[in-house]
Amino acid sequence: MKILVCISHVPDTTSKINFTDGDTKFDTNGVQFVINPNDEFGLTRAMWFKEKQGASVDVVNVGGAETEPTLRKALAIGADSAIRVNTPATDGYQVAKELAKVVKDGEYDLVIAGRESIDYNGGMVPGMLAQLIKANFVNNCISLEIEGEKAKAIREIDGGKETLTASLPLVIGGQKGLVEESDLRIPNMRGIMQARKKPLNVVEPAETATKTEAVKFEKPAPKGDVKLIDPDNLDELIDLLHNEAKAI
Amino acid sequence: MSVLVYIESEEGKFKKASYEVASYAKEVAGMMGTSVTAITFNAEDVSELGTYGVDKVLKVSNEKLKNFNAEAYSDAIKQAAEKEGSKVVVLSQSANSKYLAPLLAVQLEAGYASNVVAVPESTDPFTVQRTAFTNKAFNFTKIDTDVKVIGLSKNAFGIKEVQGDAAAEDFSPSLSEEDFSVNVESVDKATNKVTIADAEVVVSGGRGLKGPENWGMIEEMADILGAATACSKPVSDMGWRPHSEHVGQTGKPVASNLYIAVGISGAIQHLAGINAAKTKVVINNDPEAPFFKAADYGIVGDAFEVVPKLNEKLKEFKEKNA
Ligand SMILES: Cc1cc2nc3c(=O)[nH]c(=O)nc-3n(C[C@H](O)[C@H](O)[C@H](O)COP(=O)(O)OP(=O)(O)OC[C@H]3O[C@@H](n4cnc5c(N)ncnc54)[C@H](O)[C@@H]3O)c2cc1C
Numbered sequence: 001m002k003i004l005v006c007i008s009h010v011p012d013t014t015s016k017i018n019f020t021d022g023d024t025k026f027d028t029n030g031v032q033f034v035i036n037p038n039d040e041f042g043l044t045r046a047m048w049f050k051e052k053q054g055a056s057v058d059v060v061n062v063g064g065a066e067t068e069p070t071l072r073k074a075l076a077i078g079a080d081s082a083i084r085v086n087t088p089a090t091d092g093y094q095v096a097k098e099l100a101k102v103v104k105d106g107e108y109d110l111v112i113a114g115r116e117s118i119d120y121n122g123g124m125v126p127g128m129l130a131q132l133i134k135a136n137f138v139n140n141c142i143s144l145e146i147e148g149e150k151a152k153a154i155r156e157i158d159g160g161k162e163t164l165t166a167s168l169p170l171v172i173g174g175q176k177g178l179v180e181e182s183d184l185r186i187p188n189m190r191g192i193m194q195a196r197k198k199p200l201n202v203v204e205p206a207e208t209a210t211k212t213e214a215v216k217f218e219k220p221a222p223k224g225d226v227k228l229i230d231p232d233n234l235d236e237l238i239d240l241l242h243n244e245a246k247a248i
Numbered sequence: 249m250s251v252l253v254y255i256e257s258e259e260g261k262f263k264k265a266s267y268e269v270a271s272y273a274k275e276v277a278g279m280m281g282t283s284v285t286a287i288t289f290n291a292e293d294v295s296e297l298g299t300y301g302v303d304k305v306l307k308v309s310n311e312k313l314k315n316f317n318a319e320a321y322s323d324a325i326k327q328a329a330e331k332e333g334s335k336v337v338v339l340s341q342s343a344n345s346k347y348l349a350p351l352l353a354v355q356l357e358a359g360y361a362s363n364v365v366a367v368p369e370s371t372d373p374f375t376v377q378r379t380a381f382t383n384k385a386f387n388f389t390k391i392d393t394d395v396k397v398i399g400l401s402k403n404a405f406g407i408k409e410v411q412g413d414a415a416a417e418d419f420s421p422s423l424s425e426e427d428f429s430v431n432v433e434s435v436d437k438a439t440n441k442v443t444i445a446d447a448e449v450v451v452s453g454g455r456g457l458k459g460p461e462n463w464g465m466i467e468e469m470a471d472i473l474g475a476a477t478a479c480s481k482p483v484s485d486m487g488w489r490p491h492s493e494h495v496g497q498t499g500k501p502v503a504s505n506l507y508i509a510v511g512i513s514g515a516i517q518h519l520a521g522i523n524a525a526k527t528k529v530v531i532n533n534d535p536e537a538p539f540f541k542a543a544d545y546g547i548v549g550d551a552f553e554v555v556p557k558l559n560e561k562l563k564e565f566k567e568k569n570a
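Chains as they are written, first to last, in the working numbering: chain V, 1 to 248; chain A, 249 to 570.
What the hints contain is simulated information worked out from the structure, not anything from laboratory work.
Everything numeric in this text was worked out from a predicted model, so none of it was measured.
Cβ atoms here follow ideal geometry from the backbone N, Cα and C, with glycine treated the same way.
Each hint should be verified, as a subset may be incorrect.
[Claimed, not checked] With a Cα cut of at most 27 Å, we get these calculated BS3-like pairs of lysine-lysine:
no., chain 1, residue 1, chain 2, residue 2
1, A, Lys314, V, Lys134
2, V, Lys161, V, Lys104
3, A, Lys441, V, Lys161
4, A, Lys408, V, Lys134
5, A, Lys314, V, Lys246
6, A, Lys568, V, Lys246
[Said to hold, decoys possible] Here chain V is said to cover these stretches of chain A; the calculated rule only asks that three of the stretch's residues, wherever they fall, bring their Cβ under 8 Å from a Cβ of chain V:
no., region
7, 489-499
8, 557-564
Using the sequences and the hints given, assemble the complete structure.
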């Protein structure tokens, strides 16, 4: 089985979010970038397939040269080779279209992406990719088993779960649950050394037009101070919730 | 060229978020000088949709569509949009809508903006405000395509009632075998429990509660308020509560009217997931807990003393205001 794991290069979860150029660009100053958490679960699941069932695992990112350390980290975790599509990621559709080309060229059976990236939270790349390559698609995937050509997946729905079956080729939008947090792998020295020798292929993008454009950013208005309530005066809280906040 | 809105239902009944997307579609249709068409799947009585601004309802009745199926639903909505010449399609941000929207966008060659929180800033160019960086910022997105798909965040617009009648029309999209190549084998839903996605009130507990055996008082509060229960990430990681209750950047988003956090420190990743909640109440024994900076109302105190007392007061309040 040939597996492709899509890796989004995102600001670390603790990053302070700021903008530059008249609030039109994300300020990367002092920001640490990491593998998107949802993708990390997917990558670990792919490692599991590789070790237990036999599979090759490639990782891919659409982005500039600055994303290579993130791809190297994925190689250090155990992916066999990496592909970087050499163009900045500007919109979900453009990314999906570039990925579609990589999937077709590489004839992958299974594509694991994250349900969303934690920067733009679009939640659109996996679904768009699946539709573009006419593969089956399962979103919010929290469990995946594969036997031959058949996949059995569990996805989270509002208020429960759903079990689905589909045949390969398949694209999933994965999240926590695909593997447990405690199963996530931290690259060790050996992995890091090996990663240096593994191929990281840079491919040029197809000319893809975008469909949307992020024109400007804004930070939420600063919040007023918290109203502290004496624990011996809980009636005040109930009164405020009822009359001021109209929340109960 | 009406605005098309996908109205979700469950066992024939509309979900509350559907009234919000209908209200939003009405507003957008007003800006564009057009009407609102809704599409429903296996919903019986659709007349009440008129109250939320829908002019016409395309009723799909098909046993095969009894269970949600992203590919088939998307195919049907696409055909409805084409039939109506819709330039804008509006969906909620439920798990199901988020599943089908990207498929639909590709089929319609449309630009898709998710997590939209306001009516378009302008319709020409078509620019909408959406959340980004998991609620730590907003992003204004311009959609350049002829057809646009909009995913509206919950509680971002509200429900607006109007006077109106919805005319119903049967609609039979043509579906192929390929639409059903992903099969739903079984659905496992916690019945009679309010879900985080639908809840108006969410009561959440963190590591400060010390152990799963102390969740009784959290569940009691949720019971009194008709709320959903939630938790911070370490709580679900340790198995005190199910994963489905984990809220935050890597968990579920919360957009309820009220969020009550008990024994949660308010780490940046937790706050990111609950920023969209309207009113936040924090109970924590550490006056320095970062959550107090994000909260509207705070109580510095021991959860094990405050929560049982608060539950009694809430019960009294509910009885008086029943
Ligand atoms: C990649 C990544 C992603 C993450 N994503 C998320 C996420 O999505 N959601 C999330 O929640 N976290 C997330 N985290 C974890 C986050 O950083 C925090 O560790 C977590 O939110 C802390 O949970 P907590 O507040 O319950 O626990 P703690 O930090 O242990 O805080 C417990 C709080 O309870 C208070 N307390 C203790 N005893 C009492 C008492 N008797 N009465 C009242 N208060 C008491 C303490 O003062 C303290 O403030 C993520 C972390 C990483 C690295």
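For each hint, the structure was consulted:
Proximity of Lys314 of chain A to Lys134 of chain V is assessed by CA-CA distance (about 23 Å); at most 27 Å being required, the pair is judged to hold. Under the criterion of a C-alpha separation no larger than 27 Å, the hint pairing Lys161 of chain V with Lys104 of chain V is inconsistent with the structure, at around 31 Å. With a CA separation close to 14 Å, the supplied pair Lys441 of chain A and Lys161 of chain V stays within the 27 Å bound. A hinted pair counts as satisfied when its Cα atoms are at most 27 Å apart, and Lys408 of chain A with Lys134 of chain V does not qualify at roughly 39 Å.
At roughly 38 Å between alpha-carbon atoms, Lys314 of chain A and Lys246 of chain V are farther apart than 27 Å, so this suggested pair is violated. Taking the CA atoms of Lys568 of chain A and Lys246 of chain V, the gap is about 16 Å. The hint holds against a cut of 27 Å. With 6 residues bearing a CB less than 8 Å from a CB of chain V, the region 489-499 of chain A meets the requirement of three and the coverage assertion stands. Coverage of the region 557-564 of chain A by chain V holds in this model, with 4 residues showing a Cβ closer than 8 Å to a Cβ of that chain against a need of three.
Of the numbered hints given earlier, the model fails hints 2, 4 and 5; all others are met.
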